[in-house]
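K.L.:
The chain contents come next:
Protein chains: 2
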Amino acid sequence: MINQLVANIKKTGAPIVVGLDPMLGYVPQHIQKRAYEEYGETLEGAAEAIWQFNKAIVDTTYDLIPAVKPQIAMYEQFGIPGLAAFKKTVDYCKEKGLVVIGDVKRGDIGSTSGAYAVAHLGRVQVGNKTYVPFDEDFATVNPYFGSDGVDPFLKVCKEEKKGIFLLVKTSNPSSGEIQDRLVDKRPLYELIGEMVAAWGGDLMGEEYSYVGAVVGATYPEMGKTLRKIMPKTYILVPGYGAQGGKGKDLVHFFNEDGLGAIVNSSRGIIAAYKQEKYAKYGEAAFAEASRAAVEDMAADIRGALEHI
Amino acid sequence: MINQLVANIKKTGAPIVVGLDPMLGYVPQHIQKRAYEEYGETLEGAAEAIWQFNKAIVDTTYDLIPAVKPQIAMYEQFGIPGLAAFKKTVDYCKEKGLVVIGDVKRGDIGSTSGAYAVAHLGRVQVGNKTYVPFDEDFATVNPYFGSDGVDPFLKVCKEEKKGIFLLVKTSNPSSGEIQDRLVDKRPLYELIGEMVAAWGGDLMGEEYSYVGAVVGATYPEMGKTLRKIMPKTYILVPGYGAQGGKGKDLVHFFNEDGLGAIVNSSRGIIAAYKQEKYAKYGEAAFAEASRAAVEDMAADIRGALEHI
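So the protein sequences, as listed, match chains A and B. Under this note's numbering, read the first sequence as residues 1 to 308, first letter to last. Under this note's numbering, read the second sequence as residues 1 to 308, first letter to last.
This is chain A alone, in the form it adopts within the complex (with noise of 0.2 angstroms):
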């Protein structure tokens, strides 16, 4: 699925992935009226709304982007209705060829993590058939365990030709507080990306690893160091746009082919017709205001990549 990714992203010549974390609060007043029009102010009300939010960002966009990256939390927050509007979402936009990297963020013990694994990328055996339950391309992966919290990740990835996105250095204010402690007077995170380097030896695709890492774009220096540690990993950069990063700052999360890096925007596409700069789409109209954003986020990382 690593070569899926990399196909696509140079085939749209755009290194961006569009986070679908659909607060209801972007959801436009049309949207959310003709959904509990149907379902009343209800879970499955919510659900429905966020469901054709997306479903009209994917279908204006979808050309333009490799992939897309729905957090399941924005979900899980809507009970069972919202779980099941995700994973309509992730089976939509495969339809559409997008990759699809679940922002899962899960991990636990061996045998948890093994459940995890097949949740989210694998087949589980009931009876004497199988089934894909959520069946995403790519899953977000807490690295905390250690490697036996990894491992059957990384045996479902090798199965099913699947990849996962370790967190190496997560993009918010605090993330220091424990993945900068100095340990051997190197920063956690380095050990980290050490760790993720040699996960992914094992499972390589054509050019880079099944085995990628999150390094935020808030961060653009820790980036510059982890893109040498971890040639041959992809890396997953949220926190373009509305968490503060800028296409400038990011070329080092880059190698010289101008691959391995993939950048996220939720907020600054999903809810671009709340900016003063996409203002005049209006709330009708939200949709192309998000495929405004895309391509504005596209140039402006194809044009810091000039400068490599």
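Among these hints, one or two may not hold up.
For chains that are exact copies, the list does not tell them apart, and a pair is met inside one copy or across any two.
[Unchecked claim] When the alpha-carbon atoms are kept at most 30 angstroms apart in a straight line, the in silico DSS-like pairs for lysine-lysine are as follows: (1) K274 with K129; (2) K274 with K155; (3) K129 with K158; (4) K87 with K55; (5) K185 with K224; (6) K55 with K33.
Hints in this document: simulated from the structure, not taken from any laboratory.
Knowing the structure of chain A, use the given hints to seat chain B on it.
P.N.:
Just chain B, lined up with the frame of chain A:
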């Protein structure tokens, strides 16, 4: 809710929690058969089987135990129907007067952690209505993101009088790869233990904080140190039984009042009928075997605590 947990522990005299982690392999054939007859060999069939299995164990043990800990991964692997069985299990256990610890190990950057906190402990707004999505009493949380990933959980705990258990030292063999790394000459888990004690300081119940910690039974010496670092923190101790922990190893996880820790066993109880020790019950009386295993575990820990 920490007060309720302590009250339940005092009432039952059993500082134990039953891990409802139903792998299909644990579910007796007659239960699987009945579920598949009704729903086919489908995800719905698997979900029905684990729900009936859980219900029988809860019905047969609830008077002996203060709490249960369903591990959501085991349900998530059966997709949406599996998660519906998780919710049904949570609701049923609460009806039976049990405290429910959702073993979800969620955690993310601020706004996303907020959505997880709402999903598992809080309430979500849809139009003018509010809903409780999963509504556990406690949730386990991964601290890797630092304080801004934990704060949204603390906020919801305060509003809803619920609690969390933060991962400090996990029970698996490779937990040391990251958690034991020396920072300022002390293992990382000690620093996280200090953070947990600080986070919990503002959220005190009558005797203990709403903010607990997970420390594996498999590391008793570390439990002793962490007990001192976090005197007002309830410690959830996984790894008893099948993972190797014994009652006598666990005394230092407790305070001198015999409180302060709650020990989890999953497989050792829910799949007791598969052990030689409880084989006389047979597969048909699997729930009675679980009851016997609960009684033995409670006696083992009570015995150990007499020598505290």
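K.L.:
If you check each hint against the structure, which ones fail?
P.N.:
none
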